[in-house]
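S.K.: What follows is the residue order along each chain.
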Amino acid sequence: MNAQNLPRWADIGLLPVLNILAALVVSGLIIALIGEDPFRAMGVMIKGAFVYKGALGYTLYYTTNFIFTGLAVAVAFHCAMFNIGGEGQAYMGGLGAGCAVLLADAILPGFLMIPFAVVFASLFGAVWALIPGWLQAVRGSHIVITTIMFNFIASTLIVALLAGPMMRDGQGAPETRPFAESAQMPYMHDLMAWFGIEAARTPLNISLFLALAAAVLVWFIIWRTRFGYAVRAMGFSPGAAEYAGMNSTRIIVLAMALSGALAGLMASNAVLGEPHKLVLNFTGGYGFTGIAVALMGRNHPIGIVLAALLFGALTQGGTELDFEFQTITRETVLVVQGLIILFSGALYYLFAPWVARVLNLTAKKEAAT
Amino acid sequence: MKLLKLAAAAIVSAAAATTAFAAGHVKPAVIYDMGGKFDKSFNEGVYNGVKKFVDESGIEVMEFEVTSETQREQAMRRFAERGATIILGVGFAQADAIAKVAAEFPDTKFSIIDVTWLDAPNIRQYGFKEHEGSYMVGVAAALASKTGKVGFVGGMDIPLIRHFACGYVQGVKATNPNAEVYQNMTGSTPSAWNDPAKGAELAQSQIDRGADVVYHAAGGTGVGVIRAAADAGKLAIGVDSNQNGMAPGSVLTSMLKRVDVAAYETFTDAAADGGFETGVRVLGAAEGGVDWAQDENNAELVSAEIKAAVEAAKAGIISGEIKVAEYYATESCPVQ
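Protein chains in written order, with numbering that gives the first Met the number 0: chain A, 0 to 368; chain B, 0 to 335.
None of these hints come from the bench; they were simulated from the model.
Heads up, the beta-carbon is just placed ideally off N, CA and C, and yes, glycines get one too.
Hints may be right or wrong, so weigh each one.
Here are the computed lysine to aspartate or glutamate pairs in the EDC-like style, where the Cα-Cα straight-line distance is at most 20 Å [said to hold, decoys possible]:
1) Lys36/B to Glu330/A
2) Lys99/B to Glu180/A
3) Lys46/A to Glu80/B
4) Lys50/B to Asp268/B
5) Lys52/A to Glu103/B
6) Lys99/B to Asp189/A
7) Lys52/A to Glu80/B
8) Lys36/B to Glu323/A
9) Lys306/B to Glu320/B
10) Lys26/B to Glu330/A
Using C-beta positions, here's what the derived DEER-type ranges look like [to be verified]:
11) Ala196/B to Ile152/A: 15 to 23 Å
12) Asp106/B to Arg7/A: 50 to 58 Å
13) Ala196/B to Ala159/A: 13 to 21 Å
14) Arg7/A to Phe37/B: 42 to 50 Å
15) Ser331/B to Ala159/A: 40 to 48 Å
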């Protein structure tokens, strides 16, 4: 009995719910063990993610990051490439955005500066994924190994640049100078205020729209274009695709570049959107979590947006958990988040055999009556 | 933010303060940085100061440890929204966040450690005269050295660390004008704060050239410096917190940077009746902000002569007789 035998609704609907429930049960046990009420903790987490003042803004801010990195992983996955370099590609995206802004924010007005920086971010991310893609396609260097190594190279490179030529003058912190206002993504609360709606001050900015647009674009490219068809064909069977006359090198390299560009776009949110300067570690592991997001979202843009929302809510709700309970530390929060990733990522098909058996039994009963 | 590991103070002073607290009006909050409150270094020093305040006053302090860039500002705003009356930020990485949130909540008081350049009416800022403490341990190093050669191992090569080195060299030269000081920086990236192997290597090379006392201002890298000195039978000098116990008998003393004093003072001032004074406070030897460490671990190493000389230097700095030049003032050091 394997997952392929499951009806589609059970595969994409029931299994994720079961996985999250299992993770929540285990988390609840851990919280009870610490001596807190798990139901109260759950309430705080949900309210912390959606209800409290500004909570939704933070949740959606994190969601935006996860949409970009989740889409990045998914696009590569459709080409049977396991891109785990989202972290490094996003980091390089930040460098691209940072370079563009530091060069031009004194000259360009906002409506030119922001698109310019965004294009640079995706370009840097694309190049950072394109090289491992090319190495895989031409030299057969395994994409998993090369993308991991490129994460290290990106992080070392940016540390060296931020501690050296890009460091803000007159101080010791490894970060760039703050960006001029023209290079700052408009905040959502400012936008809402424009329409007369008062919203809490949060880092949420219009990058969310960019992320949603990227999701639509990915859907269109993968399922509605010749290139997307080739990517999927390559993903199903490289041999068959080549036999059909497709250029495998070109497709792999382009798919990886697209994947990297999406990861790099994360910088539009996490660099241009909030800190308004390039700092160390702004990627904060979102690139790696993107793998879980894509897995949970079944590599489909709609699934990814929903999974990203879940992970965004977890990140923000977890912070509130830390605020609310003195006994629950940031390490405990990390355990809870880790369990959900474990159950919905690594153990995705844990419950599949049982679900299939239950479904089969009911199906047989229906057939008998 | 490995940089934060640089600065630390660990021991809670034994002096029992008996301040009258106006409990009920004050709601303090502290935001530790990435290292976490038990980092054996900077954050933990602040934690010790906070704990002393809690133990003495019985007032609860809200705490948060940040895990990502975004959370600094979020935590600060969240505490302000929850009615915190005084919010303490730890380390210069929180400078931008505190400036932003302080402007949004003009009635809330803020305080930050290791930041002195913000311009806001409701922020108290703490800086430390690290050069004065370094001068004091420089005096001790010069007297303890038999070869007349001493070493300095810095972490990341930034002005702050040259500032440490400069005070140290001045202390050494004032005591023994013929002394030689070897100086090495571990690196030019933040990884230089946490590279004990490289620290040990640099200390060893200085020892090979004749140095028999090595002072470090290198965060986690310093662990290697202390180990190398202990292995070679030479002396090391610790930094920030009291590191005398890391290799008893091999650590001559430690240069203390009392961030716990800053944390304690912030909350007791906020809890006491009367207004909370803001502005920049630079803590030097006179204010008890920097000091040298004496305990049972180094009692045998510190001779009466060393003790008298360092105490004299400290008194001289406090009275103003001894002026320790600041690296920052000229971006260079008057002695090498």
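S.K.: Tell me the numbers of any earlier hints that the structure contravenes, in ascending order.
M.R.: Numbers 10, 15 - these are the hints that the structure violates, sorted from lowest upward.
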